[in-house]
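Please build the complete structure, drawing on both the sequences and the hints.
Just so we're aligned: 238 in UniProt numbering is position 238 of the sequence shown, and the numbers increase by one with no gaps anywhere.
Keep in mind the hints are simulated off the structure, nothing from the lab. Be aware that one or more of the hints could be misleading.
Said to hold, decoys possible - No farther apart than 20 angstroms at their CA atoms in a straight line, the calculated lysine to any residue pairs in the SDA-like style are these: (1) Lys545 x Ile128; (2) Lys209 x Lys439; (3) Lys96 x Ile57; (4) Lys615 x Cys580; (5) Lys115 x Met28; (6) Lys386 x Gln322; (7) Lys435 x Ser239.
All of these numbers come straight from a predicted model, not from anything done at the bench.
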Amino acid sequence: MAHYLVIVESPAKVKTIKKFLGSNYTVMASNGHVRDLPKSQLGIDVEHDFEPKYITIRGKGEILAALRKEVKKADKVYLATDPDREGEAISWHLYKALKLEEKKTYRISFNEITKNAVKASIKNAREIDMDLVDAQQARRALDRIVGYKISPLLWAKVKRGLSAGRVQSVALRIIADREEEINAFIPEEYWTLDAHLKVKGEKKLLTAKFYGTEKKKMTIGSKEELDEILKEVETSDYSVTEVKKGERAKKAPIPFTTSTLQQEASKVLNFATRKTMRIAQQLYEGIDIKGNGTVGIITYLRTDSTRISEEADENVRRYIGQNYGEEYVVSGSVKKSTDKKIQDAHEAIRPTDVSRTPAAMKDSLTRDQFRLYQLIWKRFVASRMKPALYETTSVKISAGKYCFTVSASKVVFEGFRLVYTESEEEKVENNVLLKGLDKDSVLTKDHFETKQHFTQPPAHYTEASLVKTLEELGIGRPSTYAPTISTIIARRYVAKEGKNLYLTEIGEVVDHIMVQSFPAIVDVNFTANMEGLLDKVAEGKVEWKSVISNFYPDLEEAVQIAEKELESVKIEDEVTDVVCEECGRNMVIKYGPHGKFLACPGFPECRNTKPYLEKIGVSCPKCGKDIVLRKTKKGRKYYGCEDNPDCDFMSWQKPAEEKCPKCGGYMVMKGNKLVCGDAQCGYVFVK
Numbered sequence: 001m002a003h004y005l006v007i008v009e010s011p012a013k014v015k016t017i018k019k020f021l022g023s024n025y026t027v028m029a030s031n032g033h034v035r036d037l038p039k040s041q042l043g044i045d046v047e048h049d050f051e052p053k054y055i056t057i058r059g060k061g062e063i064l065a066a067l068r069k070e071v072k073k074a075d076k077v078y079l080a081t082d083p084d085r086e087g088e089a090i091s092w093h094l095y096k097a098l099k100l101e102e103k104k105t106y107r108i109s110f111n112e113i114t115k116n117a118v119k120a121s122i123k124n125a126r127e128i129d130m131d132l133v134d135a136q137q138a139r140r141a142l143d144r145i146v147g148y149k150i151s152p153l154l155w156a157k158v159k160r161g162l163s164a165g166r167v168q169s170v171a172l173r174i175i176a177d178r179e180e181e182i183n184a185f186i187p188e189e190y191w192t193l194d195a196h197l198k199v200k201g202e203k204k205l206l207t208a209k210f211y212g213t214e215k216k217k218m219t220i221g222s223k224e225e226l227d228e229i230l231k232e233v234e235t236s237d238y239s240v241t242e243v244k245k246g247e248r249a250k251k252a253p254i255p256f257t258t259s260t261l262q263q264e265a266s267k268v269l270n271f272a273t274r275k276t277m278r279i280a281q282q283l284y285e286g287i288d289i290k291g292n293g294t295v296g297i298i299t300y301l302r303t304d305s306t307r308i309s310e311e312a313d314e315n316v317r318r319y320i321g322q323n324y325g326e327e328y329v330v331s332g333s334v335k336k337s338t339d340k341k342i343q344d345a346h347e348a349i350r351p352t353d354v355s356r357t358p359a360a361m362k363d364s365l366t367r368d369q370f371r372l373y374q375l376i377w378k379r380f381v382a383s384r385m386k387p388a389l390y391e392t393t394s395v396k397i398s399a400g401k402y403c404f405t406v407s408a409s410k411v412v413f414e415g416f417r418l419v420y421t422e423s424e425e426e427k428v429e430n431n432v433l434l435k436g437l438d439k440d441s442v443l444t445k446d447h448f449e450t451k452q453h454f455t456q457p458p459a460h461y462t463e464a465s466l467v468k469t470l471e472e473l474g475i476g477r478p479s480t481y482a483p484t485i486s487t488i489i490a491r492r493y494v495a496k497e498g499k500n501l502y503l504t505e506i507g508e509v510v511d512h513i514m515v516q517s518f519p520a521i522v523d524v525n526f527t528a529n530m531e532g533l534l535d536k537v538a539e540g541k542v543e544w545k546s547v548i549s550n551f552y553p554d555l556e557e558a559v560q561i562a563e564k565e566l567e568s569v570k571i572e573d574e575v576t577d578v579v580c581e582e583c584g585r586n587m588v589i590k591y592g593p594h595g596k597f598l599a600c601p602g603f604p605e606c607r608n609t610k611p612y613l614e615k616i617g618v619s620c621p622k623c624g625k626d627i628v629l630r631k632t633k634k635g636r637k638y639y640g641c642e643d644n645p646d647c648d649f650m651s652w653q654k655p656a657e658e659k660c661p662k663c664g665g666y667m668v669m670k671g672n673k674l675v676c677g678d679a680q681c682g683y684v685f686v687k
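Pasting the structure below:
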């Protein structure tokens, strides 16, 4: 009997795939990549057409030996690594490492690990797609060149084993840009005015919001403006001038891509991008379902396509018709995204079998697996359901020369909302008082409610919003979002507090060097264009080594210039007036993974270290002692009193020595402006 060998990446898949194939198939795992560039050197021969030098990854010798043993016995070898560029490259490396040139070797790929998909892939076996392999080789070579050429400069400048990366440097720049925007933001005051009105014949009060004049919307910018409006509306008669009724439809969301799954799982489930991908990988590779054995329950998790197969589309529509009613099934085709950056190589992320409801799967899944599967299942089913319909009512109420508005909406057809509501869906208020309201309704003022507000700065990036921005800018690909974010957090360039991402002191230093010496690397457009070139390599339109050869000379020149500039700067430890209590030497400032710290220059004989509290030359507004630059446990900068914890003064913005001429309070620096630390005062001085 013929004997076949199937090689997959992950041991978890072995169990799942084994049961779909006959006894003449052996299924083994490579445990990811088996060859890579050496860690000890660049591994790219820049003198000889940028030829990469691949070596066996340490620890993979035993796996390769076991695979070679099985290869000898096999009549055919099927390489069944993941269905993307990385997977294609792993298949090619296996082909080379196992010397499969003499064997009948085929590449198979499947978007879902189900019996039908696996069997169909063997029927449609093909050769390794070298265009996809070359696109991955180009990405790996680019990342290696950037990392290995720039990182030594960071060590020289910051004196620590830091590293730079092609995509991570851009992600860091995006976060740094946002921090600068937030720090320079000046809040602006505005007021809201609500009128609580009695409607004749009704017990409840009607709440109307101030709009402006009949024809023009107004923003109330100060207490003086508010008082002027209140004078007019206090004594005015109130009457309904317009009642508008309408309908609004909200379309169903499209199925998840990698990016939208990471965003929604962050918002709804509070999952980090890395956690989302880890759990999705488990759902894709196979879950042990009681009575069914191990089976993959979602499709491939790294995709930027929203397309689904005809078979899956038919199945989900049938399911909706049978379980919710035919009136809920959307008619016609669902519009796909036409974004040119989308590779559309795979389907969207969806359940492999829509009849496996979250409730039916609950006992077979862990809590986190269940929550993520439920999110994917609901989103997929909702995508083939009709829009939700709302009946809207908006009312205009006149008060002298001014105007107030009331609006409400009521769901008249649930549509997809029967299954799925998005995390950002607005709260639908349904004001029953509007039902009988018309131009003849008699209204009288009961009381007013006024509130002072201040405009808010742009929000700090979260993992979800950073993924969204990276995708919109065309930086990275579905497989790179989670590793990019994990890297900048692991290297402590960015601190994650709650859901927010903050630039750390060490991140600020690295970003500054990158912007100064390697502006092209941190340029968003340059990086997005590079992704476009890698796509062209994958399509067979561009030769991969030409991408490297065009990129390398500019980088090499930038590195040489940076080296010269750094050579002219003698970097020595800054000596402080803080005396080491253990040996009496003056302590010096050093950089560690968390930023600056004080260390004894007598290391290794004296190992004394202590936190470095940098004085900013400003007195504490509470107790008069010095304000120092401090850091949270995760590395985010703030300004606090040196007498902490006895004095609790703190500010995220840098305080200034000048006092506010309006209220006498302390002021903070925001770009080229000084702003009162008390938002209620709001005084701004341009330097």
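So, going through the hints one by one against the coordinates:
no.: 1; hint: Lys545 x Ile128; in the structure: 19 angstroms, holds
no.: 2; hint: Lys209 x Lys439; in the structure: 18 angstroms, holds
no.: 3; hint: Lys96 x Ile57; in the structure: 14 angstroms, holds
no.: 4; hint: Lys615 x Cys580; in the structure: 18 angstroms, holds
no.: 5; hint: Lys115 x Met28; in the structure: 17 angstroms, holds
no.: 6; hint: Lys386 x Gln322; in the structure: 15 angstroms, holds
no.: 7; hint: Lys435 x Ser239; in the structure: 16 angstroms, holds
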